[in-house]
Structures are given as C-alpha cells and as structure tokens.
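Protein sequences appear in the order of chains U and B.
Sequential numbering from 19 applies to the first sequence in my numbering.
Sequential numbering from 627 applies to the second sequence in my numbering.
The set of hints was computed from the structure by calculation and includes no laboratory data.
Note that the structure is predicted; figures quoted are calculated from it, not measured.
Where a beta carbon is used, it is the ideal one built from N, C-alpha and C, also for glycine.
You may find that some hints are simply not true.
[Claimed, not checked] Quick look at which bits of chain B chain U covers, simulated, 3 or more residues with Cβ under 8 Å: (1) 785-791; (2) 979-992; (3) 1027-1035.
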Amino acid sequence: MKQNIILPFYLLTLLLFFAACTETVSDAKQEAAQPQIYPDYLGVTVPVNIAPLDFCMADEKALCIDAIVTDRHGNILHSQGRESIDFDLDDWHTLLGQNRGDSLSVTVSAKYDDGWHTYSPFSVYVSPDSIDYGICYRLIEPGYEVWSKMGIYERDLSSFDERALIENTQFEGCVNCHSFNRGNPADMSLHIRGPHGATLLRHDGGPLTAYNTKTGQTLGLCVYPYWHPSGRYIAYSTNTTRQLFHSAGHNRVEVFDEASDLQVYDVGKNELLLSPLLKQDSVYETYPVFSADGRSLYFCAARALPEDSHQLDSIRYSLYRIDFDPQTGSFGNQIETVVDAAAQHKSLSFPRPSYDGRFLCYTLSDYGQFSIWHHEADLWLLDLSTGESRPMTEANSKDTESFHNWSTSSRWLVLSSRRDDGLFTRPYFCHVDARGNVTKAFMLPQRNPRRFYRERFFSFNVPEFINAPTRFDGRRASRIINDEYRKDIGVRKDF
Amino acid sequence: MKVEYLCTVLFGTAVLLFFGLAYPHHLHYQEQYQLFLFDSTYVWEIVRLPGGVADLLGRFSTQFFLFAWVGAVIIAFLLMAVQLLTLRLFNFQLSTFNFQFAYGLSFVPSFLLWLFLLDENALMGGVWAVLLTLLAIWGCLLIPKGWKRYVAMIIAFVTLYWIAFGGSHYYRYPTVFPTLLYAAWLSAILLPLVVRLLHRFYRSPHTSYLLPLTSFALVAIVMGVLVWKNANFKAEKVMQYDFMATHQQWNRILETVNTEKPNNQIGVTVQNLALAMHGMLADHLFEYNQNGILGLLPDVKEDATSPMPTAEAFYQLGMVYVAQRTVFEAQEAILDFQKSGRCYKRLAQTNLIIGSYEVARKYLTALRKTLFYSEWANETLPLLGNEEAIARHPEYGRLRQYAYHQDFYFSDHVTPEMLESLFFSNTDNRLALEYLRAYYILTNDREGYARLLRELGVRN
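Work out the full structure, taking the sequences as your base and the hints as a guide.
Pasting the structure below:
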C-alpha cells in the first residue's frame, strides 16, 4: 500500500523536475551575438510596473533556456525553463523598483542538441514613468463579416491577469468600440450590435444605461467614440460602412465608408449636437477626437466618392480641426487643415492627441481609413507645438501598425500591430518622452508568450488604457442588453 | 446469453446499422463542426464550466465520427449502456420481477436518445450527460442503505450538477431547448422509480419470456417507427454530397448523380464541380439538374454549412482568396462557437498557397494536437517557406499558378468577369474555362460566349 503511494509521488516529482528544467549552465559556448528571443525584448524601455518580460528562444529548437538578470547593485534574478523563461512576479517587481531610471542586463543561455550556448547580454531600460493599471481590448478573430465568439476584456499590466467584461455568449450580437475618458473607466461607452443593438453608457461611475443612438436627423447609429476631457460630451462619428475583399496581393479586406458624419453627444442634456460643417454630403468625416484642452475637435475627412464608384484607393483622409466651446456645446464656423495627408497621396486615420497637449499620434496608410487591413500602415507623431510630423520609425515595423492610444501620463503609447504574423493583431507599447523621443515597441508580456500567442486565434482589437479595474458588471450589462428598453436621444442643431 | 442481454445486443446492432448504413454522413457532419484538441488549455476551458465533463466526453467521442462506422459503434455502445443501466436501476429480475412489462420500458431512454441524435444539431455531450447520471445513481444504489448512501447521494448530486446537469452545450443552437434529450434524461431518472413502485403493488403472471419480450417488441416497433419517420434522409443526402466534395470523390459523385439526380443547391453545386473536374461541365450541362448560376457558384451565405461546397469549388478553381474568405466565414458561423478540423485544414492550405506562412503555422500547430489531422499537419509544416517544395507540390503548386494576377474587389457574388480574369491569367486552368462556359450558357449570355470563343481562337 505504501509503495502504491510512493511511486506516483516520485513520478510526479520527476515530471515537475523535467518540466521546470533545472540545469546548471556548463561548458557553454560563448556567442558574440545577442540572443534571438520571442518576443523581441532586446534593448526595450519598459515601465517600472510592467509584468515580467517572459520570453522564449525564437528558433523553437532550444531544449532549455536560462536567463540571468543583473543590475548595478549586484542584484540577480534567475529563471530557467524548457519552453519559456518565467520570472517570479514579486522578485521581478522588486528588481524593477530598485532600478527605476536604470538599465538591467539580461544574459541568456540556451541548451541545444550540441550543448549550452551563452549569448552576449542585452539590456532593458526601466523607465521611471509608470504605466496605467491596465488595458481594455476586444478579442475577436481577424475575419470578414461573420463573427464567432468575442468579448471585451481587461488585462492588468503588472501581472498576467485577464478578465472578461462581457462576451457575446451572454447575448445575441457583437460588441465593439469600448471607450473611456482618459483611461478613467468611470466614464465608459460601449456599442452592442445585432438584434439587441444599443450603446451602453456609464457616466461618472453611475449605472449603465442602454441608448438608441439612431435619430431621424442623423445618418445612423453612433460609431467611433471619444470622450471630452470634462466627461460632459462624447464625440461620435456615424458611418455607413461596407466591406469588399481583395482577390490577390497582400491586403485581404477593404473596409470603407459610403457615407459618414460627425456628432457630439451631450451626456447631461441627452442630445446630439450637430454642425453643417461636420455632416457634408460630399465629405466623409470620421474618427473625431477632442484636443487635450477640450476646445478643439480633430477629425479625419476625405472627399466622398461618386455614387457606385469603387475606386477605393482614391479615398484619402487628411486631418482637420474645428473649434468647440465646451461651455455652450457649439462648434466654430470654419475647418482648419492640420495634416494634409491626401496631398502626399497618403491617408490618415486614428488621430489621438496626447493628454498633455504636446503630440498627436496618427496612422498613415496608402488609402482609406480602416488601416488595420493595410500592411503598409505606420504610426506618425505630430508635434502640436511645431506642426511637424515624423514617422515613429523606432516603434514601427514592416507590417501593420494601426490603432493606438496614450496612457494617462502621456508617456506611454499602446499600439496595435500585426508584425507578429501578418494577420493577428497584438498590443505593443512604446515610450514617448516630453521631447518626442520614441523607443522600440515591446509586445504585451505573457507567460510562455509563444504558446500564448500562437494558440490564441484572436486579435487584440482597440487596446485602450484604463487607470483602474473597470468594475464592469457583465451579468447586469447582459440583462440590460437583453431587455428591450432603450433610451432615445434628442438632437440640437447649430444651424 | 440471457434473453434480456440478447435484446440489448439486438438493439445495439440496430443502432449500429442505422448510423453506419443509413445515417453515416450525419456523423461526418458532426465531426466537421468541432475540433477536439489534446491540449490542457482546451480541456480546462471546457471542464471548468457546468456540464463540462459531459461536454468534453461528447467532443472526445465525436472526433471519431470522421470514420462513420467507428462513430456508429460508439453511439451503439453508449445507447446500450444507457439501456442496461436503466434496467439495472429497475432492479429487474426476469424470474421474480412482478412488473414484467418493465423490461421493454428500459429501452425508452435509449430510444429517446436515438431520436435526439437524428437531429444534426444534437451533440454527443447530451448522451454522456444521461449516461453519467445513470452511472451516479447506480453507484449510489450499490452502497448499502443508511447514512453512507445519503451522503453519497448528496455528493453525487453536487458532482452531477457540475459534470452533467448544469450544462447547456448539448445542442448546437444555444437558444433551443432540446426537448428530446431532457425527455430521455427524465425518463432515465423517473422510470426506475415508477417501475420499482409498480413492482411493489402490481403482480403480473410469470409467463417466462413472453411478457418481457412482448414489451420489448412493442417498444421497439413504436420507437423504431418513430426513429425511421423522424430521420432526415433528405439532409443525409445533402451531407453525402458535401462529404464527397470534401474528400474529392469526383467519380463517386458522378455515379451518385447518375443514379439519382440531386434536387438541392448543395447537391447541384457538387455535381457541377465533379463534372467540371472531369471536363464535362459545359458540354453535358443540361443532362443534369441545374439551378441556374445558383447551382454553379452560389452566393455565399452567412451559415456554416451551405458555403462549404462552394468554397471547395473556389479552391479547386484557384480562387484561393475567395475560398479562404468563404471557409473562414463558414467556420465563424458555427453556432456554438466551435472550430472545425476541415476548416482549419483548408485555412492552413490557403494561407500556405498565398505565402502567409506564419498564419498557416498557427492552424497547423493546432491541428498537430488532434488525433486524426496531426499526421497531415506534420507532413505539411516542412512546406512552410519552402518555395521550391510548394512549387513542386501537385496541388499547391498548381493552385499558385492559377492565382489571380490582378487584384480586384469581390463580395458575396461571383461575376463572369471574375471567371474571365481567372482563366485568362492562366489558360491552363481548364476548370475555370469549364465554369466560364457554363456561366455563359446558364445566363444565356451569347455575346459573352462568342467573345470567349473569339479570344480563344486568337490565342490559339
């Protein structure tokens, strides 16, 4: 009987031993090159409160990986694994906390069939600028028109914890366009599409309310949202969107608008504010965002195509600005060009001003406004004090960079990129200092990142910073969604 | 062998023959709308939910439905087990049991499950949930009467809630209540109670085998008729065409259509693809049932089933992007959010052909974790990035050569221009020529046909 207990115990211990891969790195061949690891964390700048940068060897042939992280004070953090390095969470945070504003050195050894190889160390710079609590994103397969399981999730950036806010298993339809006021989840906007369509709004931490945002005087439902810094207004576009598909070439899908306008929703008065300058038939207006001081509305606009024309590659959006008076909720009477991308035969999308008012980050692609399906799409940084734009070469890749947004401190940028495999969107982060210096982007850390990203058939859609857990009650939200009640909204015209 | 077990074997044989001979493509259909992975994350995501164990066992057994006879054996064994456990719960003894008619009633839950499984959206997890329930009750009854049995019953009830009762994934439509399954479940729980009560108060004459066998015959005839009447042989035929197209059985398709001409869209689509693969489509078009251009390359609809044969045609034609989109959308439309081995395989192939190797690797890595697709995945993985090997490959190399040279936009509807562009980008693509000619004939586009002939004449 005793033997019966002991044998499985030994087997389990052996199993754990091999799983953990605890070996001494011996007789290692010294490599002059730095290691090729996945994700590429070589020379990155990370926030002091980021989750451990666990990694794998890029080539998948390593039998065991060993990493030693050292600092100038003689502290050492060691980890070893068969597939992936897995740093202890507490030890990692302690080490980063001790090296705020300094560099860490990472020495990687990998065991292959011919024995151990030790690579030239690489450094990781620990920025004293911390990052927000987490990010919120939609997980969805990067497909065409039909969707399967999807949901909105939040992820704690200092650990690996992920939580679903709401999933489409709780109701019939899809969910999109989550938005917060400068990362504050107390102000939240979320769209539900399908038979239970609604816009869910939470203002100042109050209860969720389901709205019907379609009115007789506007094009359709509210679509792309952006909160006014005061929390009193939300700018929305309203779009008639279609999709077509490529028969060849690199890009697979083209998402385009056949019509679009802009409108600002007054949360307090429950009415949409309209301006004739923002709803012109001959112009596609989209992606409205408020400036940091809330006195300007930036947006993208392109000359509309003639009816039934499918010359999609001739639709090019530029960046414009119009005055907005938060006291009265009225618009200025002229539109100003900020970046004339169309003149450069390029198209501009997703303008996002930093909250300190210094920069505006945008995506530049060859044409259109749905840049996630454009492999050539890159991020650019506009210095709002000089009006000069430059590509964010340090953070860009050969593949798609598209949606992005600023942390509440305006020092970190989260960006969507398809550089990993050309199709599945992953969140990356880069640091932007007060002078506009940009660092190399690093991928959202995961435990065993190769396994995680390869086995997950979802794109991380619209990553938005949140400065605290959302405390979103998914069950209550699904009851509201499945209920028939929708609050209608009014319209106030400035003309 | 005891007579009561002989009837069980008889019942099991009937189930086996039914699913093996009359309903095999329903089993193939079930298999292709799920993807069982030997992966701890996959297993955990299922078992952590109420009813997850039954669901997991259902998915595990469904993967064997790729081979219909194996699937039929599994179903036969499960239904036999349900019947035997029900009989055991009756505490039925042929020589001493008062209520002899009970014997036939022991087949009722199994027959109801059989009826349930006639529906292509019924999932095997439901059958396992009933079986687990019966096993748990039987296990409790094995414990001698007393507090231990009561404790065991409480534990069994809580466990059962977690592994079977609480589940909602026993039918593909999440909003549909599977009445037959719950009838089977209830009958499996309530019938033993009723029968045991009747055993106490009812006394039938002991006429050896006559009454039990009569009761079995009666239940078998009634339920057998119900099964036959409710079997959807029309759907079975449609699924057969889809199956034959999936496995590229072009000769078998023609043999089948020559015996009985298909009168449904999927059948006609598959028939036309087989004719085209034999180079017979345009010349023999009207010797077969046609459905206009909707029988050629039908518009893509937002469901998981109807686009699949069309996607096969797109793929064989070399319209790889169109095929990829169609297969992707079909998989996304699977109602219970499951994935499909068939779709994963095709998505790996299309990504490989268009050179999207890392995406193909994702699908292949997942397929490596399956029982029946892993061998193919392992053989295909070395092709990734190997341009020469792909060019030499009889299927992928050919389809790469057939690919569109010119980029244009497409949507749900195939136009003659798409077929023209396909054919004229590689005139070796005889399948495209067959479809193009058929398109002109079916739409009565004489001008287009004449233009095609002129163009061919010029090129020759």
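Verification of the supplied hints:
With 0 residues having a beta carbon nearer than 8 Å to a beta carbon of chain U, the stretch 785-791 of chain B misses the requirement of three or more and the stated coverage is violated. Here the stretch 979-992 of chain B counts 7 residues with a CB under 8 Å from a CB of chain U, which clears the bar of 3, and the coverage holds. Counting residues of the stretch 1027-1035 of chain B whose CB lies closer than 8 Å to any CB of chain U gives 7, so the stated coverage by that chain holds, three being the minimum.
When held up to the earlier numbered hints, the structure conflicts with hint 1 and nothing else.
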